[in-house]
Amino acid sequence: QILLRAAEFGSLAFETSPAPRAQRDEHVDAAACGSSSRLNSTDWCRCGSCVAMPTEEECLCCKELQGTAEPLSFSCITEHEDFKLLCLNQTVLKVAYFELRGQREPMSAHIHKRYRYTAYRQFARWVWHKLGKNKRMVIPACAVNTIREAFPSESRTGFRYARY
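Residue -18 is where the sequence shown starts when you use the working numbering, and the numbers rise one by one after that.
Please note that the accuracy of each hint is not assured.
In silico DSS-like links for lysine-lysine, alpha-carbon gap of 25 Å or less [to be verified]:
#	residue 1	residue 2
1	K111	K94
2	K75	K111
3	K75	K65
4	K116	K75
5	K116	K94
6	K94	K75
7	K111	K65
8	K94	K114
9	K75	K114
10	K65	K94
Worth flagging that the hints you see were computed from the coordinates, not collected in a lab. Keep in mind it's a predicted model, so treat the numbers as computed, not measured.
Construct the entire structure; sequences and hints are all you get.
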């Protein structure tokens, strides 16, 4: 529905939208699995914008996301105008935060933490649409790094699976 509405306004996120994934591990290339070298270098990065992450699971390039490697007409997903709008624009993030959290937590407290949280949610919604309760996907290292640079933190938590 989001893509249909975006198409009506002349803004389509992808030439062909990424297919939703049923399993957590589908988004990683088979050749990339089990390679501890991902922690020691960024040779696994195909977009040129990734940084080394604390775990192998988080060492994921946007070009490894199912359904995006070929249709992307730019080198990295972080260069896409929709990424900049949905994940880095503070006004969009404020509105999205209040939609997600309502008035329960003030936006002013820990502002960068709120922006990062919302940007990650926006990215997931944009790429995978609705994931559902307790469903988590690893966001590519390039996107995580760009969001962290825009909204820095003294402490980071990294990727976590949902608690069941």
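To see whether the hints hold, each was checked on the structure:
no.: 1; hint: K111 - K94; verdict: holds, 22 Å
no.: 2; hint: K75 - K111; verdict: holds, 20 Å
no.: 3; hint: K75 - K65; verdict: holds, 14 Å
no.: 4; hint: K116 - K75; verdict: holds, 24 Å
no.: 5; hint: K116 - K94; verdict: holds, 21 Å
no.: 6; hint: K94 - K75; verdict: holds, 12 Å
no.: 7; hint: K111 - K65; verdict: holds, 20 Å
no.: 8; hint: K94 - K114; verdict: holds, 22 Å
no.: 9; hint: K75 - K114; verdict: holds, 23 Å
no.: 10; hint: K65 - K94; verdict: holds, 18 Å
In terms of the numbered hints stated before, the structure departs from none.
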